[in-house]
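In order, the protein sequences belong to chains H and F. Per my numbering, numbering of the first sequence is gapless, rising by one per residue and ending at 208. Per my numbering, numbering of the second sequence is gapless, rising by one per residue and ending at 401.
Worth double-checking, as some hints may not be accurate.
Unchecked claim - To give an idea of the interface, some chain F residues facing chain H are shown, with a C-beta separation under 7 Å as derived from the structure:
#, residue
1, A321
2, K334
3, Q388
4, T393
Hints listed in this document are in silico derivations from the structure and should not be mistaken for laboratory results. For glycine and all other residues, C-beta sits at the position ideal for the given N, C-alpha and C.
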Amino acid sequence: KAGVTQTPRYLIKTRGQQVTLSCSPISGHRSVSWYQQTPGQGLQFLFEYFSETQRNKGNFPGRFSGRQFSNSRSEMNVSTLELGDSALYLCASSLEDSAADTQYFGPGTRLTVL
Amino acid sequence: QQQVKQSPQSLIVQKGGISIINCAYENTAFDYFPWYQQFPGKGPALLIAIRPDVSEKKEGRFTISFNKSAKQFSLHIMDSQPGDSATYFCAASGNQFYFGTGTSLTVIP
Chain H
95 KAGVTQTPRY LIKTRGQQVT LSCSPISGHR SVSWYQQTPG QGLQFLFEYF SETQRNKGNF
155 PGRFSGRQFS NSRSEMNVST LELGDSALYL CASSLEDSAA DTQYFGPGTR LTVL
Chain F
293 QQQVKQSPQS LIVQKGGISI INCAYENTAF DYFPWYQQFP GKGPALLIAI RPDVSEKKEG
353 RFTISFNKSA KQFSLHIMDS QPGDSATYFC AASGNQFYFG TGTSLTVIP
């Protein structure tokens, strides 16, 4: 089976712009979670989607949003980018429940905000 | 507030030595404790995981020790190899995952 894929792998944006990141889960996986990884904070949970519904949400501002499509593919959007949004954004998929099933991570999208 | 605290931040071990990484958590509702290994340019990959009903789990050279009363768990890497050089994250989950801040392990040949 193909692993979790994320596109694009690298992005450079300027402050105030918005960005959309894409994640394709492992075939058959219905849960997709998003994480922000920074050197100082480690991995921080953004949100989880299951069957096109947001099931759980971390402590991030409303500028961070996401959605999931009927084929389980997911996108996350960050509006009005700030310098502090520079990070590696990781997507992870699991069969049904991210808190109970093994999560498989993609390689991430490296976002740089100038 | 950091739900999972991980130490040390970095670790240097000689080849063949034992690498030990420690984590502590606060929420007694957590019921799943995985460790992830991450190489540069890659996403984290599950290494080994434990549930609170057991005190130890071993898979090859990797062992998790779990102390429920102390709310601590640790990863032991026996016979550490240069190929083990990576960043290791502990995590704990209840309804969502909380990760430690990571330990950069370097194994010197």
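Results of checking the hints against the structure:
1. A321: 11 Å, violated
2. K334: 6 Å, holds
3. Q388: 5 Å, holds
4. T393: This hint holds: F/T393 lies near chain H, its Cβ roughly 4 Å from the closest one there, short of 7 Å.
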